[in-house]
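**Student:** The listed protein sequences correspond, in order, to chains A and B. Mapping to full-length UniProt numbering: the first sequence position 101 is 101, numbers consecutive. Mapping to full-length UniProt numbering: the second sequence position 167 is 167, numbers consecutive.
Here are the simulated EDC-like cross-link-like pairs (lysine to aspartate or glutamate), alpha carbons at most 16 angstroms apart as the crow flies:
1) B/K612 with B/D625
2) A/K103 with A/E67
3) A/K47 with B/E580
4) B/K402 with B/E390
5) B/K153 with B/E200
6) B/K381 with B/E464
7) B/K583 with A/E43
8) B/K407 with A/D33
9) B/K407 with A/D90
10) B/K407 with A/E67
11) B/K402 with B/D443
12) B/K485 with A/E67
A short list of chain A residues far from chain B (calculated; beta carbon distances all over 10 angstroms):
13) K31
14) E50
15) P114
16) K156
17) E166
Since the hints were made in silico from the structure, they are not lab data. Ideal Cβ positions, reconstructed from N, Cα and C, are used throughout, including at glycine.
The residues making up each chain are set out below.
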Amino acid sequence: MTTKTSLLKVILLGDGGVGKSSLMNRYVTNKFDAHLFHTIGVEFLNKDLEVDGHQVTLQIWDTAGQERFRSLRTPFYRGSDCCLLTFSVDDNQSFLNLGNWKKEFIYYADVKEPEKFPFVVLGNKLDVAERQVSTEEARQWCQENGDYNYYETSAKDATNVAVAFEEAVRRVLSMEERTDHLIPTDTVKLHRKPRSAGTCCS
Amino acid sequence: MVTSLSSMAAEPELKVIFEHDGVFLHPTSDDDEEDDEDEGVDRDLLVSGILRILQRDSEVVVEFRPQEDTVDPSNMLCAGKDSSSVVQWSQGSEEVAVSQLETQHSYETEWDMLNAVTFRKRQTVSTDGAPSMERNCCFFSINVCDLQSITVKDEGWTFLILTLKDSSSLPPLHFHQGGSRTFLETLQRFTLLTQSEGDESCLVVSAPNKALSQSFENLLDDHNYGLVHKLRRDPYVTTFGGFSKVTNYIMGTLRGSEETQRPPLQDENRAELLCDVIPGLEINRQEEPGFEVITRVDLGERPQVTRSDPLTSEEWSQQQDAEGRMMDSTRLRHAIFRGGLSHAVRKEAWKFLLGFFQWDSTLEDRKLLQRDKTDEYFRMKLQWKSVSEEQERRNSRLRDFKSLIEKDVNRTDRTNHFYEGVDNPGLVLLHDILMTYVMYDFDLGYVQGMSDLLSPILLVMENEADAFWCFVCFMDHMHQNFEEKMQGMKTQLKQLSMLLRLLDLKFLNYLESQDSGVLYFCFRWLLLRFKRELCFQDVLRLWEVMWTGLPCENFHLLLCCAVLDSEKQTIMEKQYGFNEILKHINELSMKLDVEEILQKAESICLQIQSCKDRPSPVSVILGLDSADADWSNVSSSHRPTTSTNGHLNDSSSGQSPQRS
Ligand SMILES: Nc1nc2c(ncn2[C@@H]2O[C@H](COP(=O)(O)OP(=O)(O)OP(=O)(O)O)[C@@H](O)[C@H]2O)c(=O)[nH]1
Ligand SMILES: [Mg+2]
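Pulled out of the complex, with its shape left as it was, chain A reads as follows (with noise of 0.2 angstroms):
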């Protein structure tokens, strides 16, 4: 069983200029670059790693934040199996905005279950100094909206990143009792089912 190797399909949502594209570079490369473009489109970036013995390939999702771009970012939330809510620490209307992420991604994920859903939340730049949203808050938003886990993170001096997303992993496993569950690598499927026999009258 430990020699399955999972894909896991995770995606990163919230604000514009929260840190979402920051946060997948320094968990998968380890480095962060302030001058980094702002994102336009979609990207993905993949991780291997092992979490309780299971192999899993992350497939990190990341999107652009502005909601012109909607139209674009959401046929990619099929078959996501986590989704990682960021917001930034020092700006209270990404935290508000978290909620309406939420139901964006509800909504064209086509979750069935939304209450079951494991959502992790992120609130990033704890390392600036001005913040604008207490941990206090944002623990409560969590608790209210389905007890999700919540992290601190801080992808310019990577505290709490990798702790982040295998917390991820570990809620889509624990979750689902995955463990033989083996994703082919086509995890987008993103319209049309395959090919049913198909006349009517067969």
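Please arrange chain B with the ligands on chain A, whose structure you already have, making use of the hints.
**Tutor:** What follows is chain B with the ligands alone, placed relative to chain A:
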């Protein structure tokens, strides 16, 4: 001619484009011999009915109605506003199911280029009238957008099997009384039918779906889009004019139910159909100009082209007369297309290319213009500069734009000397110009991506007001891409897929098989005009070439085709799936060679241009049918000021940077 179009548009009624009765629907599938024992369903049952092609607004629908059908009007479902095709399918108690494919609304509604097929099973059958109807009431109405392919078969007569995008097939339609050819021909007016690679009898439908046909409607203003135009003007006459046979059928009496099982008729069209449709799908322009079928159109050789050195300052100034007019703008633009500009010339030449300066303006004119425009710029700048904190607190839109701009300016070209480090004046200018643009066009405001478009212009202009106005000119052409619905992006992606269909159907089919036919992976290329894909110097080169408006319209789409042409082999050989294609394309960033792309794109342009059989939508996209658009005949080209998306033209219409 445009007027007649708009008057047509005023009446959104249903138009019958094609109508043919005596078409028989064969509800049991033919090829399944095992199904012989199939309980209750009579294998040989044929439902006689009328096949129609209907048009409402921009939608085209193929509809089959049983002849004896007493379907009440409430059941008369046509493709609705959202292009949902409807299949009503009842087989009495048998209820043989139409494959129930859930549509994934999230995707389709947002990105409305993939149109969903909605199957609805009719719950009740209440057609007790004609005995033959008791067991069978088959009705379908399919938006052509939802058609995947049409299989043409022959069993002494022709029958067609329509396959939908979700791979389900409708029961075969048997043309016992001819008409299949006319049907296909009529359909070709709205779609491209292309012979499938593997199966000669299968015609792949590439429906310009709703949005696409809309995009062509937009193009109609500027082009003689003969096909649609003609149809719009008078679909009836256009369609039936050459086909009196069809009209006879329509006039003919309704067929009785005994005919539902009539033996196969010898169809006089059959021979023609077989030789025309199957082996070569001849294009028959003489008889009925305006429609065409492409089957692996032979594009011919791709001509080699060479590029030359950038235009120098001397060459540029030699083109000015004593008063500073640019004497031969056509020649200049050709030279710029061929080799680009040396950096020293850019500051001036870009103003012409972008349309801020008129080619025939004098130095004096330009000085005056610049003075006025500088004034105007600073007045607008003052507007946001003088917004107090109190005001800002009450203006959430302005506040949001501002915060977005601040975030993005910090993440735009920061490794470029002009923008690197903290407190670089370049950053302040980038910020201020974008803020001023928000005041200039508050409806659009600021959308991510705009900072990328401004950055090279600012770097070249080294002047705030000039950079602003040049940016305004560029944005005039990019505007639609950034608007709420991103219509410009959708249009471009669809146009790109039309081009790919002509250039390499096999590749497009592959992409489609990997759910990548929407070409979303070209999004960033198109939105930012390769800004993120090339190094800075190469972006400057690519853009100035693109701005010449040569060698055809929408040349940037051919740039995409050129890159894809280089990558398609890898993608197909390694059998990349949805994710890998996206990743592969994203990772091309900064690995592309600008001269190679430009060269290849021009070759492709020449290749398409010399192809007589190119489908008219392609000609429309590239603007190839206008008399002066012959790139091989360089000397004669004085190009019109029509621009669809993204390239700029000779501004002979004399408008300065106001949006036209
Ligand atoms: N101090 C600090 N800055 C950070 C941190 N993470 C990201 N940033 C900075 O915040 C800005 C935004 O980061 P990105 O990673 O580009 O944000 P994003 O969420 O991907 O934004 P979009 O791509 O626009 O949706 C950048 O300037 C980063 O350098 C962090 O942990 N601490
Ligand atoms: Mg990002």
